[in-house]
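Asks: Residue numbers (the working numbering), protein chains in the order written: chain A, 1477 to 1888; chain B, 1477 to 1888.
Everything labelled a hint here was simulated from the structure, so no lab data went into it.
Some hints here could point you the wrong way.
Treat identical chains as interchangeable: a pair holds within one or across any two.
Derived BS3-like pairs: lysine-lysine, alpha-carbon spacing no greater than 30 Å straight-line [claimed, not checked]: (1) LYS1506 / LYS1834; (2) LYS1530 / LYS1818; (3) LYS1506 / LYS1520; (4) LYS1637 / LYS1771; (5) LYS1848 / LYS1506; (6) LYS1818 / LYS1532; (7) LYS1695 / LYS1848; (8) LYS1650 / LYS1834; (9) LYS1532 / LYS1695; (10) LYS1847 / LYS1771; (11) LYS1638 / LYS1854; (12) LYS1735 / LYS1848; (13) LYS1695 / LYS1530; (14) LYS1520 / LYS1771; (15) LYS1520 / LYS1818; (16) LYS1650 / LYS1847; (17) LYS1695 / LYS1506; (18) LYS1637 / LYS1650; (19) LYS1530 / LYS1771; (20) LYS1520 / LYS1650; (21) LYS1638 / LYS1506; (22) LYS1818 / LYS1848; (23) LYS1818 / LYS1650.
There are 2 protein chains.
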Amino acid sequence: MEKINLTKIDGGVCAPLGFKAYGIHSGLRKNTDRLDLAMIKADKQCTAAGVFTKNKVFAAPVGVTREHLENGTAQVVICNSGNANACTPDGYEKANATCAALAETLGIPEDDVIVCSTGVIGLSMDISPILNGIPTLLSSLDPTAVGSDKAATAIMTTDTKKKEFSYSFEVGGKTVKIGGICKGSGMIHPNMGTMLCFITTDCAISSSVLRTALLYAVKDTYNMVTVDGDTSTNDTVTVMASGLAGNTEICCTECEEYKEFAEALKHLCMDMALAIAADGEGATKLLICNVTGAKSDDDARILAKAVVSSSLVKTAMYGADANWGRIICALGYSGADIDTSKINITFVSAEGVLPVCKNGGSYPFDEDFAKKVLTRDKIEINCDMNDGEFAASAFGCDLTYEYVRINGDYRS
Amino acid sequence: MEKINLTKIDGGVCAPLGFKAYGIHSGLRKNTDRLDLAMIKADKQCTAAGVFTKNKVFAAPVGVTREHLENGTAQVVICNSGNANACTPDGYEKANATCAALAETLGIPEDDVIVCSTGVIGLSMDISPILNGIPTLLSSLDPTAVGSDKAATAIMTTDTKKKEFSYSFEVGGKTVKIGGICKGSGMIHPNMGTMLCFITTDCAISSSVLRTALLYAVKDTYNMVTVDGDTSTNDTVTVMASGLAGNTEICCTECEEYKEFAEALKHLCMDMALAIAADGEGATKLLICNVTGAKSDDDARILAKAVVSSSLVKTAMYGADANWGRIICALGYSGADIDTSKINITFVSAEGVLPVCKNGGSYPFDEDFAKKVLTRDKIEINCDMNDGEFAASAFGCDLTYEYVRINGDYRS
């Protein structure tokens, strides 16, 4: 990643100029303590872009939003939790009715509405709580950090932590802000956006360039996150740009200004990707696999993903067990072109550096020190393939009792 | 599968004429109650064949045995548990030394020895317990069910049940016997043999035809089993044919006799594949996904495997939760060519038949009945794609707390 000067700021999706947000309990969830409906609204039409799940089975709101973003504009996001609005006969009808109601109230085109849902698949969704909730949401919209907070809370499902980030940076000498909220937890796997994530910025940028920047940012971040190997039906990442920062509109991808914006967007996406991995369902540890020395970019990505996807690696990390055999095993079956005899594997955490495998074979290590290294909550697994010049990192988490508990009876 | 007349008999790998077996505690494992060294010996040289892990990182004994079976003959299997003899600098030296010692004692060619190991990866193996154990094993070899039992027990790692099957059937009017022992549990995933499995038969069959029959049998059985998505470094399936049944040697794959033998071999492999799936690490339930109506054979296999591989499906089945959305989600991301709107999904167990999804959407069902259906220990998930004529079945198990416990600290 290129060097960029970012300043962490408060405000989440409300940090950039021209955005308000809020979240309420609409009644979609039975538990009245839980917010279940979020809105992010721009003061005026924005340029916008989105990336979506590659699952052939995708939820109705994914289909609707993908179509709505084809013209590169949007003004408002409405997102519910508690029901995925996927795989039901009336899914499109419900998603479209939601957009129609909101667009009519706001007096904006229907295709400027981004609609998203997350929750149980296959359950017909009662949208009356959403329709009834719209006026309340609109009257509550807040341009401060409070609004972003509420929205970030309302989109959570099995997440244990709210995920919200924002930065300011310079584009062509003007201060630009960018913010995002997201939710992850289960069904997190490449490829794609891999969760719900809503980004706002006040950067002036054309919709086609915004789209290019989003694809660039997603490739090394969300698309390298895996929690359980399942690609969700609902994954969506959208970005809306209000253009209020006062910079000259970014219209091509060759200029310095594009780079400044794209790197900031990527940085924000990386924050969110790591937060999603660390808060994977039941996770106690963030796992980062850094592959270096691979023969190709594809190989590097495949290798890194194979390691953080392996159930055996994930359980070993949960148990703080330096069972590197499972790592080399995963590298072996990944499908990448490798030379086993050149592989070095090293664990790294805040506790220190622990080489465990040299040239494909065991490298003596102290078990007590290994336990200490692997008991930390962020473990890097460095795999040097010594066989080329390509590198990639993938992000995941350990596999725990809690994952099984959460998913053994998700619907109740 | 074609109709065949098989009679279940006792004896495991000792059921066919011309084989003895045994298992002892050699000292490779610290726990003296656990057998750790198995031998299966034919009275004379057999025709033989094997299939092996496709993992690029494979254990030394896999490399050695693959080479030994190139000439299509073998006479003895020696297999230890407790150490995989994989990813250590002296692995080949150790595997070869084991073969040399056994071959010399028996006065047979070194390449008639099949050597296998299972256990921890990356730990240098002390083979003195094996070398010291060979005389004891040889003097204990038993041609009855007892010998097979002991061998089946000695190859177990995290298996909770010994896996042993044997049948008699007719080939060209002569009675032929076939028997097998296997071990599975963790690191079970297509493609390949996917575990350790040793098969014996007294059928007279050429080595090249035996190899064809083994590949045929493995395709729909072992290669459709997945426990945790990890392809082991050590997976091996071998078959030795003593030829003592008195049938005319099967030398081509066109004749009726070939079909009789190949179907019997496939049936035996299916028994073992299902036993391995049902006894997956921590499993409480056998899951079978039957896909029908797929557009191609490949698609059918990919779809069935995607369902039984999904962590979210596996945990839902553990929780007896009819969350079919996760099944259609897995079908969607499998990579197969599908039409979501045609998919029907039905759960079947000894309790009854429960349709849950019609034409890609929800189909009303009674939650109490669903709970009953899914609380049984064998669940079939029938996915009719209604989009072609191809079918395939994949075999797996649920994902449980116990899987996490077992793998969180395997080495201690």
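Asks: When no copy is specified for LYS1695 and LYS1848, does a C-alpha distance of 30 Å or less occur within a copy, between copies, both, or neither?
Replies: Neither: 33 Å inside a copy, 44 Å across copies.
Asks: Could you place LYS1520 and LYS1650 in one of the four classes (within, between, both, neither) given a Cα distance threshold of 30 Å?
Replies: Classified as within: same-chain Cα gap 20 Å, cross-chain 85 Å, threshold 30 Å.
Asks: As a check of your reading, is LYS1638 near LYS1506 (CA-CA no more than 30 Å) within one copy, between copies, both or neither?
Replies: Classified as within: same-chain Cα gap 20 Å, cross-chain 48 Å, threshold 30 Å.
Asks: For the identical chains here, do LYS1637 and LYS1771 meet the 30 Å Cα criterion within one copy, between copies, both, or neither?
Replies: Neither: 38 Å inside a chain and 43 Å across chains, both beyond 30 Å.
Asks: 30 Å Cα cut-off: does LYS1847 pair with LYS1771 within a copy, between copies, both or neither?
Replies: neither (32 Å within a copy, 50 Å between copies)
Asks: Please sort LYS1530 with LYS1771 into within, between, both or neither, judging by C-alpha distance up to 30 Å.
Replies: Answer is both; intra-copy 26 Å and inter-copy 20 Å each pass.
Asks: Is the C-alpha distance from LYS1530 to LYS1818 at most 30 Å within one copy, between copies, in both cases, or in neither?
Replies: The answer is between: 19 Å across copies meets 30 Å, while 35 Å in one copy does not.
Asks: Is it within, between, both, or neither for LYS1506 and LYS1834, if the alpha carbons may be no more than 30 Å apart?
Replies: Cα proximity of LYS1506 and LYS1834: across copies only (27 Å, versus 54 Å in one copy).
Asks: Evaluate LYS1650 and LYS1834 at a C-alpha cut-off of 30 Å and name the case that applies: within, between, both or neither.
Replies: Neither way: LYS1650 and LYS1834 sit 49 Å apart in one copy and 55 Å across, limit 30 Å.
Asks: Reference check for the pair LYS1818 and LYS1532, CA-CA at most 30 Å: within, between, both, or neither?
Replies: Intra 38 Å, inter 13 Å, cutoff 30 Å: inter-copy only.
Asks: Give the relationship of LYS1818 and LYS1848 under a CA distance limit of 30 Å: within one copy only, between copies only, both, or neither.
Replies: within (27 Å within a copy, 53 Å between copies)
Asks: Is it within, between, both or neither when you check LYS1638 against LYS1854 at 30 Å Cα-Cα?
Replies: within (19 Å within a copy, 39 Å between copies)
The structure fails to meet hints 3, 4, 7, 8, 10, 12, 14, 15, 16, 17, 18 and 23 from the earlier list, while all remaining hints are met.
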